[in-house]
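Colleague: Listed below are the residues making up each chain.
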Amino acid sequence: MSYFSYYMKPDGELISNLNREDILSAYSSGKGLLWVDFLDLGDEDKKFIEEVFNFHNLAVEDFISPLIHSPKVDDFGDYIFLVFHGINYTSDSDVVETAELCIFLGPNFVVSGHNVVLFCTEAVKTSIEKTSRPIKKGSDFLAHELVDTLIDNVLPTIDRMTEVSADIEEEIIQNPQKTTLEAIMKLKRSTLQIHRVMVPQREVLSRLSRGDFPIIKRGTQIFYRDIYDHIIRISDLNQTNRDIADNALSTYLSSISNRQNEVMKVLTIVAAVFLPLSLLAGIYGMNFDNMPELKWHWGYFAVLGIMATAIIGLVWKFWASNWITIGNRRVQRIIDLTANPKRLKGYFDSIIKPKKE
Amino acid sequence: MSYFSYYMKPDGELISNLNREDILSAYSSGKGLLWVDFLDLGDEDKKFIEEVFNFHNLAVEDFISPLIHSPKVDDFGDYIFLVFHGINYTSDSDVVETAELCIFLGPNFVVSGHNVVLFCTEAVKTSIEKTSRPIKKGSDFLAHELVDTLIDNVLPTIDRMTEVSADIEEEIIQNPQKTTLEAIMKLKRSTLQIHRVMVPQREVLSRLSRGDFPIIKRGTQIFYRDIYDHIIRISDLNQTNRDIADNALSTYLSSISNRQNEVMKVLTIVAAVFLPLSLLAGIYGMNFDNMPELKWHWGYFAVLGIMATAIIGLVWKFWASNWITIGNRRVQRIIDLTANPKRLKGYFDSIIKPKKE
Amino acid sequence: MSYFSYYMKPDGELISNLNREDILSAYSSGKGLLWVDFLDLGDEDKKFIEEVFNFHNLAVEDFISPLIHSPKVDDFGDYIFLVFHGINYTSDSDVVETAELCIFLGPNFVVSGHNVVLFCTEAVKTSIEKTSRPIKKGSDFLAHELVDTLIDNVLPTIDRMTEVSADIEEEIIQNPQKTTLEAIMKLKRSTLQIHRVMVPQREVLSRLSRGDFPIIKRGTQIFYRDIYDHIIRISDLNQTNRDIADNALSTYLSSISNRQNEVMKVLTIVAAVFLPLSLLAGIYGMNFDNMPELKWHWGYFAVLGIMATAIIGLVWKFWASNWITIGNRRVQRIIDLTANPKRLKGYFDSIIKPKKE
Amino acid sequence: MSYFSYYMKPDGELISNLNREDILSAYSSGKGLLWVDFLDLGDEDKKFIEEVFNFHNLAVEDFISPLIHSPKVDDFGDYIFLVFHGINYTSDSDVVETAELCIFLGPNFVVSGHNVVLFCTEAVKTSIEKTSRPIKKGSDFLAHELVDTLIDNVLPTIDRMTEVSADIEEEIIQNPQKTTLEAIMKLKRSTLQIHRVMVPQREVLSRLSRGDFPIIKRGTQIFYRDIYDHIIRISDLNQTNRDIADNALSTYLSSISNRQNEVMKVLTIVAAVFLPLSLLAGIYGMNFDNMPELKWHWGYFAVLGIMATAIIGLVWKFWASNWITIGNRRVQRIIDLTANPKRLKGYFDSIIKPKKE
Amino acid sequence: MSYFSYYMKPDGELISNLNREDILSAYSSGKGLLWVDFLDLGDEDKKFIEEVFNFHNLAVEDFISPLIHSPKVDDFGDYIFLVFHGINYTSDSDVVETAELCIFLGPNFVVSGHNVVLFCTEAVKTSIEKTSRPIKKGSDFLAHELVDTLIDNVLPTIDRMTEVSADIEEEIIQNPQKTTLEAIMKLKRSTLQIHRVMVPQREVLSRLSRGDFPIIKRGTQIFYRDIYDHIIRISDLNQTNRDIADNALSTYLSSISNRQNEVMKVLTIVAAVFLPLSLLAGIYGMNFDNMPELKWHWGYFAVLGIMATAIIGLVWKFWASNWITIGNRRVQRIIDLTANPKRLKGYFDSIIKPKKE
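Sequence lines, in order, name chains C, Y, F, E and D. Numbered per our numbering, the first sequence spans residues 38 to 394. Numbered per our numbering, the second sequence spans residues 38 to 394. Numbered per our numbering, the third sequence spans residues 38 to 394. Numbered per our numbering, the fourth sequence spans residues 38 to 394. Numbered per our numbering, the fifth sequence spans residues 38 to 394.
Honestly, I wouldn't trust all of these hints.
Note that the list lumps identical chains together, so a pair holds whenever it fits in one copy or between two copies.
In the PhoX-like style, the derived pairs of lysine-lysine whose C-alpha atoms are separated by at most 25 Å in a straight line are [as the list claims (entries may be wrong)]:
1. Lys84 / Lys174
2. Lys68 / Lys174
3. Lys354 / Lys68
4. Lys254 / Lys46
5. Lys215 / Lys302
If you are wondering where the hints come from, they were derived from the structure by calculation, not from laboratory data. Source: prediction; values computed, not measured.
Given only the sequences and the hints, what does the whole structure look like? Please build it.
Modeller: Next up, the structure:
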């Protein structure tokens, strides 16, 4: 059982590290603003919460439970129960995982709980101790601060994933390998994981910013709308990474086939060059009594000459008929123009001018 | 025909194993709370139900029918008819299957029926005999207990499927085989099966918790909302397993191609090394009269030397030109960073600091 | 022009095979219940219908037209025009096809039409002649009987498709062939065909059972709701078959690649064994004057011995390095557990027990 | 500038080929019904329209512009502006393209415009000159005639695409080629093109038939509903063609792999037969002094016999072990049953009988 | 800090390049129309905006922030805050990127901001200096001009992408290469990028044109509806390009396999021709004492003849059995008819004629 707590008295005095009785009296007074944050929730916390606060049984169970809950908002009249997800920075998993922040939000209290260390509670704690600004502006604003920091802390992970996807894009063209495929799969699953929590989160924030709950005051709704916009941004970036992962997968599969083609060509060239020549050597290795060429003085050297000519000729032919291809100019042009929109500018100017007249 | 029954009299007395007349009088009294549970429904049960209860013909047919019905709720005014699905733990199928629980829910009765043994009815029965709590709180709460236990019993299957998908993920990278593909396909179909019953189930619970039916009292609605949340959780876990199965399929297909590349390379190396040398041996096996090298004292050994040099040289060249690749450092870095979000922490700290100031 | 007709007089007398004048007077009387069923509609029928009934021109054109119409309901105030689809059991097509049943439903008449023989009209006809029950309960109930039988007659096709998909699943693992692919494609297109008519059909039945049309009386709505449930069941079964077809397609594609791998391995093993040995034989076939081994008494037998050793050694090596794989134990375990949920029971018990306490 | 015009005077007289002043006076009178149809719209037309009619600037620009506009309806109070798409039968493109028909529809006028020749305007023109029926029934009916004919003219293209898809289906099984792939891709893109215009068109017609616009009178709405049904039918047929194209693509890809397998098998059989025999010949071509077999009188013939036996034996073995497969009976059964629903009839009868009793 | 500004005084006089005090007084007067456009926003701008204008803090932060925001509209009562996206023509990225235009729109002011040079602000500036038309018609019309020009400037990029996709389509059939795949991937990601901003943009414009915001006057709404239509057109063109990219990817993958087939066939033909002949040469190279053919006078030449016959025969056989295929007539017909809808005209005429009668 580990928790910290702050209480802003109605007269504006801020006290911290309240004991159980203080919390109970602050909570019951119905005045001021109480914030209690629980970390690593267990049975002891459950008992504490049940005895001190007047919360609905089912919400307390969700609050305590180590199982994952989807983001949601439950309305209990006097207070609402919120579940949000941020990145779990303590996970050892190969794939990005999310961590849960549960919040009871009432007129004069915010009770938050989480099973892993979250940067958002630390950041808000620091901010309160420095300026006490978040706790001065009411419980709905304090909850907003927690959720806002939680969501903003997803961005570094998204940025890292964007870097990884850029690395994959480079890797996949230059030197695709089995490990690249693993990286693609991990990236893809991470984007799906993030997508899966962002969709219900968007819905919850849309409801909070729309004024469905009287606890969120009119002036604070716009701040929740702001978190909503951040989630839209995160979803867009995440979706772009997913597109890159999908493209990389297609490219990877085609690169395996391409590589196989290269191997096949080497094999075919080797066979096409040496099998006929071996036949030639075999012919003159036959033991027929009457083989006039064998008597010829320059016969042997003629055969060697024919073989050398054949080798050179076949290699040249394979080269010429594009079996060993070199990127031709035409395609290069396509890429350059797609790649560099700056060049489109000239093109664009000629189009836009008739409009200006 | 096999059923068990409980009746909580209005005065709080609990009687069990009622015979037909008792059930009829308890049902008609309109008081107390009657629970009858039918297992393995047949024509005899149909007759029994038609004679004792006053249910609509179509609902009774759905109740009796061994066919699968989608989860639904039908409103008959005085009572509602519910169909829910849980895991069928008695099935021999290769793929996870669901079993149906049908419930008639009225003000003073719960009539449930199922064709396979379900743990939820056993659990609620045990709970009633121990504490009689579920039956004390009204018919809507008793029905909730049944549905809640039914849905929660899906979780062990989901957990097992998660274990299987983890095994598949390991298997697919180390040693993918035809049996792995079968496991992927079974996992995928199981997730689809679960998905297919969870979607309408969510809809039904949303309606039950929203107050659409007066039989579900206000205080009990939140409990149905709780089952709704469990279903969301199950759907999310199930979706993750499906993503893993999809990824594993892509990886499997690419691993077949990769393996083929390896085989091709071995073949090509063998051909590229031995076909030219065979030609060389063939040349000196020709029977021309005038082949000066054949007279040379060290000719034979020179040819052997050339052959040995060629073999060593070609193998070295194939090695050097990456035909037998070893994972390069760069890609490894990508994976490590994706895999271990802990390392992102440092990165994250530098990002988050400007915010705190 | 082929039709049959029934008329239940207001006094309960049932007459059949009415001629044109009888139909006209029964229809105009506005009393009793008239049912006329047209088969294989043509221009003559059109004229007949236009002269006798007072239907809207556009609806009559849809009724007559041999073109396929999507399921729909059109409200013309006094009567409604319904289009439903069942299985076309007379089609010669490789893919399941649907047949149309058009119904004009008014307060005292049901006029149905179809271009192919449908079992539903036969069944309702038989039922009327035996008990006259369907025609006693009003026009909305009679129309329900037709639609209900039509939809239920889809089930045998679905069952057959389920059997086919089970056959495909077995075939695809044991011995996939080009004809298996054809069967998969036909199954897939059949499921799509059924899906395409069931979606609008569901919508139409939802409207009929909701009370949007006063012609459907309150008491009959629940019967239309019952057809709605049947459609949901059919759609679910159909979707499962489609999943199986999709899985089978993936398995088929991977099995082709797997088979190619097997072929490649045989080729590579053959080449890797015999090309080096041929070189050895070639070397001792060279005609150098000074080749000391050739003089050795046991030289020939030594070479034979080396060759035999090499063959045995290489085959053993390919075997050992898993080129000819045997399913390893680990994967087998995965499959068994996925396949047989019964085994999950023990696992499940240990999970569920803490809940019961 | 090219246009034709008709004016039905309030007294029922029909005049055609009005000049500018006639059009202006007919339009301003607010009586009778004026139809002007513009083909191949240019700046001159714009000037003409701006001077004569009182239309909103933006709608006129859409009307004139050669760019493609999505189907839509814009409400300008006194009149509505409609954009519909039909098939562009004058296009040279490899893929089916659509052509635009813009209509201004007011109480006493219809002004239509299009950049390519459309059969619908020709057809309505002919119909007016013959019977003047379309122009007698009001502006909303005249517009309906234009749109109805436009949409119905999509059907020949759909029918042609259905024929093409049937050809592709046959081709893909018998002899798939690179050109078949091109045909699949063109078919697929054509279906997508049609799908893309049909979706908004359906939406527009749904609004027109719902009574959203007072210009469409109650009695005419049902005619717009009829066009709506035609679009649904076109969409369904189009979707079926798209399914066929998708299936054909999968089949094509697998057929390439299958063909490669066949090639590989030939290669492997050739290598497996001739490499070992070449070794045998090589062994007896070695020049060891002590090779007893060489002295045997029948040695040569024994070797020839061994070789012949080996060739026959290996070919027989490859045949027996199914490398050259012949469709086995079991799969054939699957196909036959899928293919021919008629055979399901017997099966169906046994299922349906219990129902009839 | 870089900005330009215009102020249309209530008396119609236009002044430009206002300093801070002028802007402040113009803004506070509540009369006339003020337009300020900020480029390359930084902290200095933020301070300026905060001091001069009375905007909500969160909107100002979005306005200043260099991060990407999704298109949106926020209602602040007196003014609305708009975010739109156009093409970023200054980006060096390989993939089309979008640039943001933020607009504060109030009754007498438009404050716009963007981090990259946008052609739309330049174009509107030029237009104001020439005719002052955009600024005369009110703030909602001025904002419309900006957004309209921004969206219209997407078209040149779409046109360029359409050209690129046409190039890819040609390339993919004639000579697909690794660089073609890169071009496909870039095209695909560009279409996704454009799709991602167009979807919310459409939603915003739908709300602006619907009259949700009183700042947009009734007469101007139709102009926003016009932009909405442009976005629909852009989305349609973009979607077509995406379809082409998807098709090209499938074609590319199949072309790799096809090419591999060609390589395999060459290899197989070489092996099938030369391995048997080498065996033949090997046989007559054996050193058996008793090989009667060796003594025959024409033996050697007979063997040469057999070899030549075998080579010619095998090549002819491979040719005949279609291993080297030539496009057959039948498929060509399919393509031609798909490709050229003109030919459908005759077919169409015969269909349409019965309609005309």
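Colleague: Now look at each hint and say whether the structure bears it out.
Modeller: How the hints compare with the structure:
1. Lys84 / Lys174: Result: close only across copies, 24 Å inter versus 30 Å intra.
2. Lys68 / Lys174: For Lys68 and Lys174, the Cα distance is within 25 Å only inside one copy (13 Å; across copies 36 Å).
3. Lys354 / Lys68: For Lys354 and Lys68, neither the intra-copy (91 Å) nor the inter-copy (81 Å) Cα distance is at most 25 Å.
4. Lys254 / Lys46: within (20 Å within a copy, 39 Å between copies)
5. Lys215 / Lys302: both (23 Å within a copy, 16 Å between copies)
Of the hints listed earlier, the one the structure fails to meet is number 3.
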